[in-house]
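Number of protein chains: 4
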Amino acid sequence: MTGKSDSAIIAGFGRGLGESTAEALVRDGLKVGLLARSSENLDRIAAPHGGNFLPVPADVTDPEAVEAAVEKVEQTLGPIKCAIFNAKQFLKGSILDFPPGEFERAWRVGAFGGFVFGQAVAKRMVAREEGTIIFTGATASLRGNPTSYGFSSPKFALRSVAQSMARELGPRGIHVTHVILDGAIEGPKHPATGNDAQFKPEELAEVYLHLHKQPRSTWTHELDVRPWCEKF
Amino acid sequence: MTGKSDSAIIAGFGRGLGESTAEALVRDGLKVGLLARSSENLDRIAAPHGGNFLPVPADVTDPEAVEAAVEKVEQTLGPIKCAIFNAKQFLKGSILDFPPGEFERAWRVGAFGGFVFGQAVAKRMVAREEGTIIFTGATASLRGNPTSYGFSSPKFALRSVAQSMARELGPRGIHVTHVILDGAIEGPKHPATGNDAQFKPEELAEVYLHLHKQPRSTWTHELDVRPWCEKF
Amino acid sequence: MTGKSDSAIIAGFGRGLGESTAEALVRDGLKVGLLARSSENLDRIAAPHGGNFLPVPADVTDPEAVEAAVEKVEQTLGPIKCAIFNAKQFLKGSILDFPPGEFERAWRVGAFGGFVFGQAVAKRMVAREEGTIIFTGATASLRGNPTSYGFSSPKFALRSVAQSMARELGPRGIHVTHVILDGAIEGPKHPATGNDAQFKPEELAEVYLHLHKQPRSTWTHELDVRPWCEKF
Amino acid sequence: MTGKSDSAIIAGFGRGLGESTAEALVRDGLKVGLLARSSENLDRIAAPHGGNFLPVPADVTDPEAVEAAVEKVEQTLGPIKCAIFNAKQFLKGSILDFPPGEFERAWRVGAFGGFVFGQAVAKRMVAREEGTIIFTGATASLRGNPTSYGFSSPKFALRSVAQSMARELGPRGIHVTHVILDGAIEGPKHPATGNDAQFKPEELAEVYLHLHKQPRSTWTHELDVRPWCEKF
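Protein chains in written order, with the numbering used here: chain A, 30 to 261; chain B, 30 to 261; chain C, 30 to 261; chain D, 30 to 261.
By construction, these hints were calculated from the structure, which means they are not laboratory data. A portion of the hints provided could be inaccurate.
Just some of the chain D residues that point at chain A, by a computed CB distance under 8 Å [unchecked claim]: (1) Q118; (2) F119; (3) G202; (4) K229; (5) H239; (6) P244; (7) W257.
Simulated crosslink set (DSSO-like; lysine-lysine; CA at most 27 Å straight-line) [to be verified]: (8) A/K229 - A/K121; (9) A/K260 - D/K242; (10) C/K121 - D/K152.
The beta carbon of each residue, even a glycine, is placed where N, CA and C say it ideally should be.
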């Protein structure tokens, strides 16, 4: 109940990458705010972690809700030193019948959400001239495939936001980075294959932690990550 | 009054690039539908061109309006063989106070509009296995600069749509191409400098016409264009 | 026998792309110097074209021979307005047993040759503040595939030279451009398939001619070209 | 004199990045072979490090010398688990008078050397299905600037080799990675500025070590690194 520690916040939090990254940040001394839409889900995941995890249910597409969630994390856990944006939709289809509303929804979650979240944490970090903001991208951030209107287009848009923020905020002491995941993450949807052909969440979390801990003389803005046998 | 010719349609039509491109397409034998929001503006530009230009006022961010405009061009002028998307917003600002609503507006005009327009023309072209769709990009399509949240992010998103459409529709006979303009277009905002340091609309129009006329054994998907002395 | 016209020069000249491009340049009013190693081959191709083609046999990897060939074209045919570099080797193999000498040979023809040729023509064009230099690239200019040490590495190196030359010489009036060919060229090695699935040399030549004729307000530095059904 | 440990090898070794990386690898349990041309220089740097550093003077442009040096490291220090290639020349100048021999020399050290070195270590690693190969690139690996013929062109060529090797050898258990350094390294040429505006060798070394230690489910092929205030 005494002092506040420093904190982190993860948007688009879920089991797998989100949970493993949060655990890695806790091991590094941070308390972690978990931002996602379903409060039930967040509570279930956070429960075993006691005071280290703080669920802040919010819709990442709602600027006021995101602002409130970020403020709550700062007030409750302390200044945010590391913010991670993972939210995305994954919609596929032909241009011939892709519903415009779905195209919009994918952008709203995956790109607008990143802008809104990035803005909310950047405003606070800039005042302290310190902090890391990590955006999660994908191979689709670099290449528009035949049916990827609902995934690639938001990922391109998000990558642009990450670049602009890095160029604007780097000289103000904020490390903005963009991780291109090229592979599937082991989990319920992608059961372990036994040959490391998929990302292990706890190993991927080490990449995020490494980026957060890079000293300011040596910042990475963009890197790709893939399992050894992934074709690229 | 008799037979219909083939047609073209330009979205985000205005004086300068739009007008010059439309004139080039007319010289090549097409009648041209002009799509933009302001009907007054369209009427004034179209008037001197008689039956060759058809104003179809519509908001490019409204799928039903775009569908109706595209249908009207096909019914009135004949099958669309060439569709050009120029619409954009150009908003600059810091991430620290960039209004989310402006970020959304820029995407809605520059990226969602391109998706909606591309979809409306692609559906018709695919049935005929023929047609050219040209998206206008910018240097900001490739690089997110410090204050370009409201320009670069939609341009990245649009480029992804152009890539996905090219990969999906190329094998179905539709030529989808993405032009990266790196420079200013001569006009009221950028008066002629006398040394060709800016795009001349009528010369830029020749690039668009060349792309439209490329035979299917020799299609360009992406090219840049810049004045000779533009730094890059 | 009287006056000299303007001229062009094509290095890495052969049947197919080279011959078609030369014919297109002749139709545009230029006389064309043909640079390749085998004088016998050059003579046979040039013979039917009378005074419009001038064989200048030279090894593109030999700076003095290239300098002499370029000088001969200027003395005989007139100032070079357009220079095209097509030379390449195409070697594949595993890193585990790729002969270093072959790796070097591929670079010497495909990259060093481009540098040497580009230098020889640039020196002359700069004095006149006018001219076009076109380098032929490939998909391998952008992507290193598993066995492409002997093709992709020189193509990357050549692309860098083209970029540096464009940035140095553009402001001095020289148009430097890089064409990324993504597909096979119809010819003895790739017989016509009847469905335009390969480049037709005479249509590809139009792309080169279009680039040469771009006015200086509207220069393309890089573009890709591929047949309609080529996967990319 | 007893057992052999595992080893590493650094080509293009010098004070600064080379020395710091070697020290980091030693802390991680590897003995390190140092490959550079000047044996005197190598001896002086290695002396204080006792048996942990093994000078293997060799010219990286000489395939037989590189093969012998790599063999000596394996025989003396044990199987190479990590190989780093830093060698480069840095030559600037205009295309109008850039000596072809200098252009060749820059390629021979910076690209051919990387190919030769990569081949020598890859052959050994493949048999053991294990190992990391790191190539050091630069901003010039991605962009050809006006005077960078002698730096950018070899860096492009080297990047292609790194990509081809990653795609060929990844599925065989070898991690090939390409580090894009965008900034100056603190040292005699670039004295410390006191504000972390330059790479600190010992911090850069941590990036290399992190890459070497990535588990095979989570490999980075390419990343950039720059000081916080470096413009990009």
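Evaluated hints:
no., hint, in the structure
1, Q118, "violated, 24 Å"
2, F119, "violated, 21 Å"
3, G202, "holds, 7 Å"
4, K229, "holds, 5 Å"
5, H239, "holds, 5 Å"
6, P244, "holds, 5 Å"
7, W257, "holds, 4 Å"
8, A/K229 - A/K121, "holds, 25 Å"
9, A/K260 - D/K242, "holds, 21 Å"
10, C/K121 - D/K152, "holds, 17 Å"
The structure is inconsistent with the numbered hints 1, 2, although it conforms to all the rest.
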